[in-house]
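Asker: So you can see what is in the structure, the chains are spelled out below.
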Amino acid sequence: MIPLYGFIAMLVSLPWAAGLFRRVAHRPAAYLNILLTLLAFAHGSLILQEVFQSGPVDLSYPWLTVADLELDISFSLSLTNLVALELITGLSLFSQVYSLGYMDKEWALARFFALLGFFEGAMSGVVLSDSLFQSYFLLEMLTLSTYLLVGFWYAQPLVITAARDAFLTKRVGDVLLLMGVVALCSFAGGMGFNDLYAWAATDSLSPLAATLLGLGLIAGPTGKCAQFPMHLWLDEAMEGPNPASILRNSVVVTCGAIVLLKVMPILQHSPVALTVLLVIGSISAIGGSLVALAQVDIKRTMSYSTTAHLGLVFIAIALQIPVLALLLLFSHAVSKALLSMSIGGVIAATNCQDITELGGLGSRMPATTTSFLIGGAGLVGFLPLGGFLAFAQSIELLSVRSIPFMAVFLITNALTALGLVRVFRHVFLGDALIKSRRAAEVNWQMALPMVALCVVVLLTPVLLVRLESLDGLLAFPLWAAGLVVGSGLIGLLAGALIPLSKAWSRSLNPLLRWFQDLLAYDFYTERFYRLTIVNVVAGFSQLAAWFDRNVVDGVLHGVARFSVQSAEGLKLSVSGQTQSYVLTVLVAIVLFLTAVSWFLT
Amino acid sequence: MLLSLLLIIPFTGALGLLLWPTAQSSERIRIGAIVILAVQCVASFAVLLPFDPTDAALQLVEKVRWVHSIGLDYALGVDGLSLPLVLMNAVLCLVAAVASRSIENRPRIYFALLLVISGAVNGAFLSQNLLLFFLFYELELIPLWLLIAVWGGANRSYAATKFLIVTAVSGMLILGAFLGLAFVTGTMDFSLRPILSGELGLPAQFLLMGALLIGFGIKIPLFPFHTWLPDAHTEASTPVSVLLAGVLLKLGTYGLLRFCLGLFPEAWQLAAPWLAGWAAISVLYGSLAAIAQTDMKRMVAYSSVGHMGYVLLAAAAATPLGLMGALFQMISHGLISGVLFLLVGVVYARTGTRDLNVLRGLLNPERGLPLTGSLMIIGVMASAGIPGMAGFISEFLIFRGSFQPFPVATLLSMVGSGLTAVYFLLLVNRAFFGRLAIAPGEVVNPRILDRVALREQVPAIALSLGVLALGLAPELLSNLSEAATTGLSQLSGGLS
Numbered sequence: 001m002i003p004l005y006g007f008i009a010m011l012v013s014l015p016w017a018a019g020l021f022r023r024v025a026h027r028p029a030a031y032l033n034i035l036l037t038l039l040a041f042a043h044g045s046l047i048l049q050e051v052f053q054s055g056p057v058d059l060s061y062p063w064l065t066v067a068d069l070e071l072d073i074s075f076s077l078s079l080t081n082l083v084a085l086e087l088i089t090g091l092s093l094f095s096q097v098y099s100l101g102y103m104d105k106e107w108a109l110a111r112f113f114a115l116l117g118f119f120e121g122a123m124s125g126v127v128l129s130d131s132l133f134q135s136y137f138l139l140e141m142l143t144l145s146t147y148l149l150v151g152f153w154y155a156q157p158l159v160i161t162a163a164r165d166a167f168l169t170k171r172v173g174d175v176l177l178l179m180g181v182v183a184l185c186s187f188a189g190g191m192g193f194n195d196l197y198a199w200a201a202t203d204s205l206s207p208l209a210a211t212l213l214g215l216g217l218i219a220g221p222t223g224k225c226a227q228f229p230m231h232l233w234l235d236e237a238m239e240g241p242n243p244a245s246i247l248r249n250s251v252v253v254t255c256g257a258i259v260l261l262k263v264m265p266i267l268q269h270s271p272v273a274l275t276v277l278l279v280i281g282s283i284s285a286i287g288g289s290l291v292a293l294a295q296v297d298i299k300r301t302m303s304y305s306t307t308a309h310l311g312l313v314f315i316a317i318a319l320q321i322p323v324l325a326l327l328l329l330f331s332h333a334v335s336k337a338l339l340s341m342s343i344g345g346v347i348a349a350t351n352c353q354d355i356t357e358l359g360g361l362g363s364r365m366p367a368t369t370t371s372f373l374i375g376g377a378g379l380v381g382f383l384p385l386g387g388f389l390a391f392a393q394s395i396e397l398l399s400v401r402s403i404p405f406m407a408v409f410l411i412t413n414a415l416t417a418l419g420l421v422r423v424f425r426h427v428f429l430g431d432a433l434i435k436s437r438r439a440a441e442v443n444w445q446m447a448l449p450m451v452a453l454c455v456v457v458l459l460t461p462v463l464l465v466r467l468e469s470l471d472g473l474l475a476f477p478l479w480a481a482g483l484v485v486g487s488g489l490i491g492l493l494a495g496a497l498i499p500l501s502k503a504w505s506r507s508l509n510p511l512l513r514w515f516q517d518l519l520a521y522d523f524y525t526e527r528f529y530r531l532t533i534v535n536v537v538a539g540f541s542q543l544a545a546w547f548d549r550n551v552v553d554g555v556l557h558g559v560a561r562f563s564v565q566s567a568e569g570l571k572l573s574v575s576g577q578t579q580s581y582v583l584t585v586l587v588a589i590v591l592f593l594t595a596v597s598w599f600l601t
Numbered sequence: 001m002l003l004s005l006l007l008i009i010p011f012t013g014a015l016g017l018l019l020w021p022t023a024q025s026s027e028r029i030r031i032g033a034i035v036i037l038a039v040q041c042v043a044s045f046a047v048l049l050p051f052d053p054t055d056a057a058l059q060l061v062e063k064v065r066w067v068h069s070i071g072l073d074y075a076l077g078v079d080g081l082s083l084p085l086v087l088m089n090a091v092l093c094l095v096a097a098v099a100s101r102s103i104e105n106r107p108r109i110y111f112a113l114l115l116v117i118s119g120a121v122n123g124a125f126l127s128q129n130l131l132l133f134f135l136f137y138e139l140e141l142i143p144l145w146l147l148i149a150v151w152g153g154a155n156r157s158y159a160a161t162k163f164l165i166v167t168a169v170s171g172m173l174i175l176g177a178f179l180g181l182a183f184v185t186g187t188m189d190f191s192l193r194p195i196l197s198g199e200l201g202l203p204a205q206f207l208l209m210g211a212l213l214i215g216f217g218i219k220i221p222l223f224p225f226h227t228w229l230p231d232a233h234t235e236a237s238t239p240v241s242v243l244l245a246g247v248l249l250k251l252g253t254y255g256l257l258r259f260c261l262g263l264f265p266e267a268w269q270l271a272a273p274w275l276a277g278w279a280a281i282s283v284l285y286g287s288l289a290a291i292a293q294t295d296m297k298r299m300v301a302y303s304s305v306g307h308m309g310y311v312l313l314a315a316a317a318a319t320p321l322g323l324m325g326a327l328f329q330m331i332s333h334g335l336i337s338g339v340l341f342l343l344v345g346v347v348y349a350r351t352g353t354r355d356l357n358v359l360r361g362l363l364n365p366e367r368g369l370p371l372t373g374s375l376m377i378i379g380v381m382a383s384a385g386i387p388g389m390a391g392f393i394s395e396f397l398i399f400r401g402s403f404q405p406f407p408v409a410t411l412l413s414m415v416g417s418g419l420t421a422v423y424f425l426l427l428v429n430r431a432f433f434g435r436l437a438i439a440p441g442e443v444v445n446p447r448i449l450d451r452v453a454l455r456e457q458v459p460a461i462a463l464s465l466g467v468l469a470l471g472l473a474p475e476l477l478s479n480l481s482e483a484a485t486t487g488l489s490q491l492s493g494g495l496s
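As they're listed, the protein sequences go chains B and G.
Residues in the first sequence are numbered from 1 upward in steps of one, following the numbering used here.
Residues in the second sequence are numbered from 1 upward in steps of one, following the numbering used here.
Among the hints, a few may not be true.
Stated by the list, open to error - Label pairs and their in silico Cβ distance ranges:
| # | chain 1 | residue 1 | chain 2 | residue 2 | range |
| --- | --- | --- | --- | --- | --- |
| 1 | G | Ala349 | B | Gln49 | 49 to 59 Å |
| 2 | B | Val587 | G | Ser191 | 33 to 43 Å |
| 3 | G | Arg193 | B | Lys571 | 39 to 49 Å |
| 4 | B | Pro229 | G | Ser191 | 54 to 64 Å |
| 5 | G | Gly186 | B | Gln579 | 27 to 37 Å |
| 6 | B | Ala538 | G | Ala168 | 29 to 39 Å |
Since the hints were derived computationally from the structure, they do not count as laboratory data.
Ideal Cβ placement from N, Cα and C applies to all residues, glycine included.
Bound-form chain G, shown alone (with noise of 0.2 Å):
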């Protein structure tokens, strides 16, 4: 039952938003959202209490019959794979909900969104349904979609199409998938499980393998399928893309972990090389783009593509270490370009542009930015993998999982690491340090600059807290999911 608490809380959170008598603030609006997200909070990290860490099988297991003709059965279960995804999207949307200031538009329909991809998300995280798991993975699109199209930037309306689009074309792909599966197999069961070569012939599956991968791929996403993704982020709000850098693009990668190597193991471990190849290019890609860019949010999101490179690397090694360091990387990524999204979102606020040809010493102290540039330099220096934080760790799970199975793709993701440094480090140099311009007439006016208050930046310094908790004590992660991944790795053999 407490699975289900976790799809109840934000579903009828957003539908009593929905109800709420117009005269609200927005202000209100808000703080209610920020309750029934810190109760859905509460509540995900309740799930700890009765989770045995140490079990690699489904715990809270929840079944009901439901459209059980068509093989689509109410299905939930947490094991530590999903459990810290859950987690972080509890968190993740607690923070985006905090930082949603001064919403004027439509207010409640925004927060009503907002809850409903919180819930969207979890359900599709517990799922232990094929078909289920694709009902929440495309609902979760449609309020993403909307909340890029009627709450984003200038050039909103073609990044949301684009989105939806792209994302429609992953989501079919992955049913398509799915159907295939039952019209191969001949069985309407979708329920999770392994298919072996006995069952299943080898190019089937790598035909239905592929139609996953690259479903997945668009979501994560992989070279070539990622230009929906600076788009959309430079188009979206800042709670929004702190959603769908942290929680969204977890749906791909969550994805290629549970479905791609949890269905066909077999045909997983053949295609591995290919695969890990493939990360290395995306990886390399991903970070040389990044280094080309002058919106900051698009050097981010191209930092995503990179960042999110390294899970595949991992996933395609599949060794318990590999796997282990693809789940911290998906967390830590999370967080960490969760606090770099909030602190553009701060700059792009107080200066109106995110322009890195413009933007000069944002660190002065008086009339600048400083703990929003101070916030920044740990941000980046966590995304670029600096020991004491999380990426550090996650790197360094992954590059040792990967190195024996592929020592050439894990060395190049390795080069990608350092370019990491590279494009972050020409972001904090050109915004954050040199002279703050003074003229009026310049682009950043220092009368824009208002102080930060520190209560706006809680979220961000919440966040930066959690990458160094967990870049410090890594254990607090890797305990409680060390006995899924070393599962899922004997399920395809482990390649070590």
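So here's chain B without its partners, still in its complex pose (with noise of 0.2 Å):
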């Protein structure tokens, strides 16, 4: 039914065709990998279509078998993960003939490419999977192929950290949900995700170690989806390359979050480890928003509305409504794209990301401002594009279970919408400043993209609603409907209204100016780390280097001194008599004996 052949080969191709291909020229590398991702695509979407007709199929192929330990290579095509491998091979492919213009005179445009392709093959990988061991195995490739393309301009001195902490943040994650997975195959036997479900169902384990299991599982996504206390990667990461940008802020978290919904059922029998995700969720969202308000990189109010908006889906998933997650992973991704294209189109004319320096650049860019305002206006619960199908959704769902959280998606809405709207009257509105007032409208290359996607955009309501597993949709009560759009227009008015100065940036009053601060400081999370967990890790370092240059080295060089002056005193004994040599060793060896027997006996 399904052609394997194509399928494997699209996924094994796609990582490597451009590596393989890199030292041949630039362009064909790109051009080739484009080619191979719109194969995907078109691949994906007919498996998409014989899937939507003849139900979802699973595929298994047998890889290591040790022991008692049985790994296969597997994957589950049923609907959701169609609609998001084509998420992922989709928006891949704007992204990628976007970077030709974006990255048009870079001298290691094939690198770039072949990263992307490695990029696109995981998590396409991801979302397929049908395994933890596999979604593990995939993962680690992520956070491999972030750190390169973080530090893919490694000559930079804020890359170098940026490519670090993104590495290390998501591997302090990995590990954790390393020890998960081991555990749970450990308990579990098999690793298939239909498996470890038939064994959570009729689990028997101690509630601390569900908790403990539960807190590993959730580790790993925490650090792909920058929730709190991970975040502070994703926004370092954007001093990458823009068109990994896109990448990273719609569909690499989008990825950790599908293998959250994955293990979900897994997560039921923690309560904890439930209650943890809710907080994560909720601190992300609110405080992702909040800081998303001080920043004044352009990039960096984006990442941190990243964080914002994933939180809201870790709400979701805690709640077990996975209908939810996926409706707001989805919209979030293709209007996260959209607006960071854009952003991406504004740096890419005036070469600045400082939104302070900027304005005036509505009436010079006109396809740049439109892609904002189409994106923005889809991640905001506003005007009836997904973001608000995705809220309302949200409000009517959340208002039986929990009223609380309903506030939280509220108020991040009302945020985000005050975020985008700051954004939009320092960059597009206002006088032309310095920086931008040469600026011109970006190359085709990296406008068809962004055309294209504003129509996606503006098509999300309809391509929701044809997805027969996200029926009933449209039925959210008008309430709700009003509560969205209530918020959304407080943010936008507040966005509107609030007095735009240049001191914005940094208040006089004291007051404001400290909180200020502590938004645009993030929290002063990242001192924090540096101060505890860097430093701690640093100190046992120094604290075991010095422990071996002079306790174990000196207990060693202690012994040889010992040797060497005791053969020196020795030396004076020496009497030339045969005898008491003899006698000497023969007591020795006696003494030995003795010894060595009575230990024996």
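Build the complex from these two chains, which are given one at a time in their own frames, with help from the hints.
Answerer: Below is the structure:
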């Protein structure tokens, strides 16, 4: 039914094709990559059609069998997974065309595309994966490719720390996840999600073990989705090339959330883990959107709002509403991708990321401006686009479950709207400042995907309605819609009415200034980490090194010195009388053997 | 006869090189050594043909009475545990010879010693007689000591002496344990077989096993017997480091599995919880100490301390999966540390330093070492256990195999795996990222950074491919050894 060959070829060729061709020349590698992504997208939609008609399919191939461990390569071609796959390949396609324009003069274009291909392959694998082991496997590959993509311009100092932090933060999450995976594998035997669900339904774990397991499992996605307290990397990762930021802000975080979604049934047994998930989600949602308000770097405003929206997804997953999580993920991914593209356009045109130094781009860059508006509209629950549907649906579902979290959703919505309007006013309205005076519209390679994605965002409601699994999407009551629009409007008006001075980035009022700094420095999280974790590890490593040099080696040298000195001493007692030597040796042997026999009997 | 061939080829080869007329250039001697080692490689892989991977027992056994009165017989045999190590030995010795360019100082002796090491290590892996094992175990010491003491760096005499004395102590302990075994069992039979409690009281078992443990612990090396390793690595030349980390440390872990676990399964089982704790300490200590290093070679050396700790952890658990992981870790560590030492060697040859406080921006495409940097990223990622490469498989197998008996020690070792990422990331970030120093007065003089010819990187590329191949198709190795590791695990009754 499903041509396996094509599927495998797709997954295998995506990550590697570019790598193989990168020595030939730059452009062909890029074109080849785009072509392969296009093929992947087309093939994916063919499979989607089939699955649409004849139901989901599971594929499994044995990979490694050792003793009692069986690891398979398994894919689950369900509707949700395939939609996610299409989202990934589609957005990847867009951002690859986009990078043709954005990275036009880059000397290492082929390397960039190779990494993008690797990135895309790993992501496609994650969403289709049907086994926790495989998901872990691919998530780690994502960690590696994020590191390499963020570190793409490795000669710049900020990039170095950004790449390091991205890798290490994710790695912390991954190691905790690995602990969960290993534990789960030992308890449950199999690693396929279905085996795990079956095991979870009949599990007899102690609450402590279940809690630790749950915490391990959520740590990985927390790192991937840049959730509090592992959110710093996404912000710093903005130092990397923008086309990769597009993917990172939209689909990479989606991958993390999808893994979390897949382990959701296992988490059910650990109330603590679910509570932690809710706390993480709420802090990230509100904290993230607040911090976004105080940023002056245009890309950072976006990254914090990504953290905020994924926080909402975490809440949805913790409350066991997978439909809502998917809805939020989908609408967020397309809109955020569009917003990131538009911002990339601004950066490409002005070579500036500081919103206080930009202005008046609206008339100069109409396509970019439109993209920003549409992307923002798609993200915020205000106009009847994806974001609105997702928010309205959340309000309806949450109103029966939990009023406080409904409030979190509404506040996040209002704050996001506020933040977007703030950025819009700074960058696109007002007088043109020095740095934006000579800005011109972006080239067609960048404009084309932007416009195309605009259409996608505008069509999101239609797409969502077409997916049968999300039926009943428009069945939310009017008051829910009213609340969403209301919160969006509050944010919008607040953003539009607050006086905008260039001093906005640093107020003169001490109290306000303190608050602003608090947000601008992300509640001083980075400083906190440097003072705690980093210092502790560094301290211990220095201690170990000192111990090594002085104690371990010290003892060794002491023994050496002792033997040399005693030899020097004994030298003086040399008499030349063989009898005395023999006597000494004999006495020693007798003593030794006595000691040994005494010990043994 | 095939197994004896694996000893005959390198030993006669070494003799041949020594008798080769002096007029030959070092390059021709190197090629001669490469040819011999390539033949050795072919012969080693030829063992795969008659080898039956489904059989846990010893195969291709060769037995000749030798000095039978003291129990020393010439007995060789191979099983799924030793075969992969023999193959790796062949490959890494070949790599070391290929990487030994520009040996101007007594090249004949240098390459002859390399061949002697190759043969001695093979002998140790293949011996089925305790005394014969000991002979080969000691035989490999002297050439290595000479290789460090004669062809080493500035502080070579200290490092070589330290290496010689410390590992000689290891040899003494092992010999003592073997002789003690004969003394308490009252037989002169040094053939390899499990000693059960019916035969020997537990205190005696513990005493003998303890001596073996410390003896092999020095070789592996485990904390606190490890300090000889960073010194030896720092002073050894690149190919010698490759051999030291890749092959010689494996003698220790092999001894651990074959003799500690294999001879005293009962005592081992009782000591296992303590050993797991020791393993976790060794892992964490090695990793933390590695973070503080500024010399690239020392950093890699300390990472060996950490990564060899995993082997002890898995050996302590002694589950079939864990032992497979232990073997996998020996092989992947051999290949990965080979890659890392080769690349550090390239950096050192080009820049004249390995100091992470000095090196910057080596990934620079024009004046830097981009290929070296890219391979280095693969190497450190493999070492940090990123999936798709051999390191991940071994770590996963070890952790999964040891989690049930020793959850806490396993979780602590996983933290060590996370710390690996920290120090190797520091290495890549400091030395390869950033801006290449361009001022002529600075230590990294761009004029020295000649392009590295692709052929110079062939060994590192080949090993990297091996790492990737084992990472993507782990069954290549696991099928070969599963019967043997399962058999060894059953010996101790397996704790799970």
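Asker: Taking the beta carbons of Ala349 of chain G and Gln49 of chain B, is their distance inside 49 to 59 Å?
Answerer: holds (58 Å)
Asker: Does the Cβ pair Ala538 of chain B, Ala168 of chain G satisfy 29 to 39 Å?
Answerer: 37 Å Cβ-Cβ, so the 29 to 39 Å window holds.
Asker: Between the beta carbons of Arg193 of chain G and Lys571 of chain B, is the distance compatible with 39 to 49 Å?
Answerer: Given a distance of about 46 Å, which is inside 39 to 49 Å, the answer is holds.
Asker: Take a look at whether the Cβ-Cβ distance between Gly186 of chain G and Gln579 of chain B falls inside 27 to 37 Å.
Answerer: 32 Å Cβ-Cβ, so the 27 to 37 Å window holds.
Asker: Look at the Cβ atoms of Val587 of chain B and Ser191 of chain G and judge whether their distance stays inside 33 to 43 Å.
Answerer: 35 Å Cβ-Cβ, so the 33 to 43 Å window holds.
Asker: Quick one: are Pro229 of chain B and Ser191 of chain G within 54 to 64 Å, going by C-beta?
Answerer: holds (59 Å)
In summary, the structure agrees with every hint in the numbered list given earlier.
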